[in-house]
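Undergrad: Okay, here's what each chain looks like letter by letter:
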Amino acid sequence: MAIKKGLFKTSIGRKNLMAFTGLFTSFFLIIHLIGNLILIIPDSYFPIEFWGNVASAHDMYNAYSHFLVHFWPISLVAWVLYAALIVHVIDAILITLNNNKAKGEKYKVTDNSTSTWYSRNMGILGTIIGIFIFIHMTQFWLQYKVLENEHDLYNLVVATFKEWWVLVIYEIGIIALGFHLVHGIESAHRSLGVYPKNAMGIVKYIALCFGIIMAVLYAIIPIILYFK
Amino acid sequence: MALNAKIPKGPLKDKWQNYLNNTNIVNPANRKKIDVIVVGGGLSGGGAAASLAELGYNVKVFFFQDSARRSHSVAAQGGVNAAKNYKNDGDNIYRMFYDTVKGGDYRSREANVYRMAECSVDLIDHMTAQGVPFGREYSGYLSNRSFGGVLVSRTFYARGQTGQQLLLATYQALMKQVKVGTLTQYSRHEILDLVVVDGKARGVIVRDLVTGKIERHSAHAVVLGTGGFGKIFYLSTLAMNSNGSATWRAHKKGAYFANPSWTQIHPTALPQAGEHQSKLTLMSESLRNDGRIWVPKNKDDDRKPGDIPAEDRDYYLERRYPAFGNLVPRDVASRAAKERMDAGHGVGSLKNAVYLDFKTAIERLGEDTIKERYGNLFTMYQKITNINAYKEPMKISPAAHFSMGGLWVDYELQTTIPGLFAVGEANFADHGANRLGANSLLQASVDGNFILPNTISNYLSNEIRTGKISTDTPEFDEAEKAVKDQVEKLLAIKGTMPVDQIHRRLGKIMFKEVAMSRNEKGMLWAIEEIKKLRKEFWGNAAISGDEHGPNSELEKAGRLADYLEIAELMAVDALNRKESCGAHFREEYQTEDGEAVRDDENYMYSAAWEWMQGKNWKLHKEELEFKDIEVKTRSYK
Amino acid sequence: MKLTLKIWRQDNAKAKGKLVKYELSDLSTDMSFLEMLDVLNEQLASKGERVVEFDHDCREGICGQCSLVINGQAHGPEGHYTTCQTHLRSFKDGQTLNIEPFRANSFPVIRDLKVDRTSMDHIIQAGGYISSFTGMAPEANSIPIHHNIAESAFDSAACIGCGACIATCKNSSAALFMSAKIAHLAKLPQGQIERAERVVWMVNAHDDEGFGSCTNTGACAMVCPQEVPLLDITRMNYEYNRSLKTIDS
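Residue numbers (this note's numbering), protein chains in the order written: chain A, 1 to 228; chain B, 1 to 637; chain C, 1 to 249.
To be clear, the hints were calculated from the coordinates, so they are not data collected in a lab. Every value quoted in this text rests on a predicted model; they were computed, and no experiment measured them. Even for Gly, the Cβ is constructed at its ideal location relative to N, Cα and C. One should not assume that every hint holds.
The calculated DSS-like cross-link candidates involving lysine-lysine, where the alpha carbons are at most 25 Å apart (straight line), are [as the list claims (entries may be wrong)]:
| no. | chain 1 | residue 1 | chain 2 | residue 2 |
| --- | --- | --- | --- | --- |
| 1 | B | K383 | C | K14 |
| 2 | C | K6 | A | K103 |
| 3 | A | K106 | C | K47 |
| 4 | B | K213 | C | K2 |
| 5 | A | K9 | C | K245 |
| 6 | B | K371 | A | K197 |
| 7 | A | K106 | C | K16 |
| 8 | A | K101 | C | K16 |
| 9 | C | K47 | C | K6 |
| 10 | C | K92 | A | K108 |
| 11 | A | K101 | C | K18 |
| 12 | B | K521 | B | K383 |
| 13 | B | K532 | C | K47 |
| 14 | C | K170 | A | K101 |
| 15 | B | K213 | C | K16 |
| 16 | A | K204 | A | K228 |
| 17 | B | K531 | B | K252 |
| 18 | B | K494 | B | K578 |
| 19 | C | K170 | A | K108 |
| 20 | A | K103 | C | K170 |
| 21 | B | K468 | B | K481 |
| 22 | B | K632 | B | K252 |
| 23 | B | K512 | B | K468 |
| 24 | C | K2 | C | K18 |
Some but not every residue of chain C turned toward chain A, in silico, with C-beta under 7 Å [stated by the list, open to error]:
| no. | residue |
| --- | --- |
| 25 | A13 |
| 26 | A15 |
| 27 | Q73 |
| 28 | T96 |
| 29 | E100 |
| 30 | N105 |
| 31 | N171 |
| 32 | S172 |
| 33 | V203 |
| 34 | D207 |
| 35 | S213 |
| 36 | N216 |
| 37 | M222 |
| 38 | T234 |
| 39 | Y238 |
Using the sequences and the hints, build the whole thing.
TA: Laid out in structure tokens, this is it:
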């Protein structure tokens, strides 16, 4: 008897794929954040004797971005990341389509008190994040890495965040990301089957902390840059 | 026709083995040529269907629920008995046999009871292997609790949902056979008649409860595992759709009905709270292990239970029956409660309940232990009554529960119609005049899993040359026409009295005169009332809708039509038995202190009734012999 | 007390359904929800109108036959109750109640509030059992099972198969129902031999029946009458991934 279907054709297989790609992307968020934090280091923190040639956050940020773009192992990881994101999105669309098909006629009255709004609306949050990523990438990744229009990324970033509407878009995107992470990290572990009771308790806590910390730190940087 | 119980020869303990040694078996290659119809998907029917399918017969199983997992075996709570003697408390097969015969007040068939006790040992092994999560000791070995009417601990349990767990195991075995393809299930199908061809049961007429179509199905043998008919009282512990129709229609086709009046009234159900109540939820008998039953000593004591001091409480079971105390058998406990309530000591707003108090047990064992043993029962109690039973005593009351009576069967579980078998509560054999707690799951399971598959082969071994049974015969035509006529007749009444209301009135008549306490005058009155009600039903029942598609009113009406006939036979049977035994308590036959008086001289028989085309019933006696047990007055004092 | 009921009426799976309004008065708060429907049906029957079809049987919360979504909540407002255990004391006098059937594509409406849940049977048929035939079993005490493991297996085995989890799930996923059986049998030593195949077969059947993917919102466990642990779904996913290793060898 044929036992297994294609690994990612079953409901659980697809969720595994969501979990893997989601967790990988979440890990990238940490690396990305470290780079971002350079933006808000005050120049007074750069005594020459300690940092060598790097005399300011400006220098440091540009050096960091140069390194990211030109060190080939990192580029490789970047391509994996793009792939993960695309698979995450496509998989999400497939799951949602299938789930919509599974639903029968809609209830005339619904009561949603049994679950959190963000766990129910991962798709909407994900779409907001997707739009945000698109804007974000056309603003920086496209200009700096692909078209190479701009060589001083620090200047580009600081200039961009002086616009109020950019700030608003970023804050919306980041809040959506925070909620997406709180449910996503826990859900990913559940999908992968981290089942001992205590482990799940810890995962739940980590997911909450991770979501909040990421959202707050990511959110604070554009605000600082706007007012700086 | 004279009754032949076909009890095998030899000493009691060897009878079943002797039977197995000499019975005919069907060659595995021939089994797939043989069709068996099983009606009922519960522990007895489902167990029989699964076991027969495993053996390789073509099995069709019919039930009215949407899945076999909903059969009413699911509701049994406390446990299942087995003579494993894991407790080293002196239990063995004989003692279990003894307890069951004594508990049944010496009105059961010795050989059957012994076989049930014998098979109980295998049943626990079987169910454990199927994945039933029985309660365990910390050593990992199986745990036991005590039940009423016995002095040993032989009840295996899965919290308070033992019936559910056994049923699910059986259901899973059934589902496996569906996958394998040896078994076809017909959910939402109700059997409306039995087809008898040349004196043999050859098929059934069923109604598809979804499409409303009347269908014919044929087989070489028919097995009824359709449960009891306690719902005749309307207010009972049974499921709303449990019914006696399949057995009754079989009765009208020639199967004798034995001891119909023996209905167990369970002592620990929730009391009725209002006129519209549809169900009396059972609270497991196992609660009597740790709960103490009492009523206020003073009549109409309106104090809260917690405010009544010990000296004003009457622990009447402990007072009247010091040896067994709160664990007396059900019939005794129910009658004692009725006696107290009739004397004006009942509690609750309708004065129709007694207290079941856990205070002493909680003080002794702690709330956690009680929670682990009965947690789900306490939760269920709270859900229904909104009362926290850890804080104040439960209010309980007797309710109609189990039918000891049923289709008369011989040792092979075959009715008086050749090829028609009855298993579980649908037959009458093992419990005598009163069933002991936790013996119901046992009987249903062993009948289905261990006994019927071995006895039915003796019958089927003569059927290997019969070939497929045609449904295109005059007998099927006639049965189908009768069923269709009845449906039409019911729908043509177009009266104004809802079916449930008529059923409620029938229940009241029955509970008043043909339940815990009976007398001649009352029952003669009851028969007249039943006849009047029957007339009213056929003249003024409100059955709306049509026969095409689902129609729950039509289903209910069909069942009630049968109940209105069964009720009369119950009263006739109770009138005939001029003695008190087990659940059958005749007020004319009691001692001065209200204990039952049996008449072994004249009534040591099972009364099997033959349908005489509606004119009356003919009594056939199966005399009971007790060679391996001394017949004594049952005493739990 | 008085209640206004808006009840879903639909002739069969193909017909279009609609909410129909009924008024009931003189109800008692001690009545169960289904007894209230009995009252309504008695009134309809005596007027010769077709009664409201609804599923029910044991009326003590164990058979799993009763269903209904009351004001958007599967089995009513109490949480962890079945509809038959829900009493009118949970509602306010004069309240309007919206009563709909359990909805999912795999639960076609039979009539009114009755739905066909055989899709759940199909999941169990795929592998929700231990293939021990009658007569095969070894002595029950030959395999000791730790008290806590037996208790934990019971927590999962307690599922009554009502389908409230599916009805309440925004994806109509049967994950909780299916995982309860998988976890029950995976926890017990008796279930080990078929452990890997069981989960794969059941998940395949689940998908074939047209149920959706679990997105771990946890709504199912909040309405489950038997409080089957949400963790069972996680356990099922573990079993599924574990089976990759053990099958095909």
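Undergrad: For the pair we were handed, K371/B and K197/A, check the Cα-Cα distance against 25 Å.
TA: holds, 22 Å
Undergrad: Assess, step by step, whether the Cα of K213/B is no farther than 25 Å from the Cα of K16/C, and give holds or violated.
TA: holds, 23 Å
Undergrad: Starting from K47/C, check that the Cα of K6/C is at most 25 Å away, please.
TA: Since the Cα atoms of K47/C and K6/C sit roughly 19 Å apart, the hinted pair holds (cutoff 25 Å).
Undergrad: Given the hinted pair K2/C and K18/C, is their Cα-Cα distance within 25 Å?
TA: Within the cut-off at roughly 22 Å; holds.
Undergrad: Given the hint that K468/B pairs with K481/B, test it: the Cα-Cα distance must not exceed 25 Å.
TA: It holds: about 23 Å lies between the C-alpha atoms, which stays within 25 Å.
Undergrad: How about N216/C: closest beta carbon in chain A under 7 Å, or not?
TA: Nearest chain A Cβ about 4 Å off; hint holds.
Undergrad: Can T234/C be said to touch chain A, with a Cβ gap under 7 Å?
TA: holds, 4 Å
Undergrad: Regarding the pair K494/B and K578/B, is the alpha-carbon distance no greater than 25 Å?
TA: Violated - the C-alpha atoms of K578/B and K494/B are around 42 Å apart, more than 25 Å.
Undergrad: Given the hinted pair K101/A and K16/C, is their alpha-carbon gap at most 25 Å?
TA: holds, 19 Å
Undergrad: Given a cut of 7 Å on the nearest C-beta pair, is the interface hint for A15/C held or broken against chain A?
TA: Status violated, d = 12 Å.
Undergrad: Against chain A, with CB atoms and a cut of 7 Å, does the hint on S172/C hold up?
TA: holds, 4 Å
Undergrad: For the pair supplied as a hint, K6/C and K103/A, confirm whether the alpha-carbon distance does not exceed 25 Å.
TA: holds, 22 Å
Violated hints, in rising order: 1, 3, 4, 12, 16, 18, 22, 23, 25, 26 and 28; the structure is consistent with all others.
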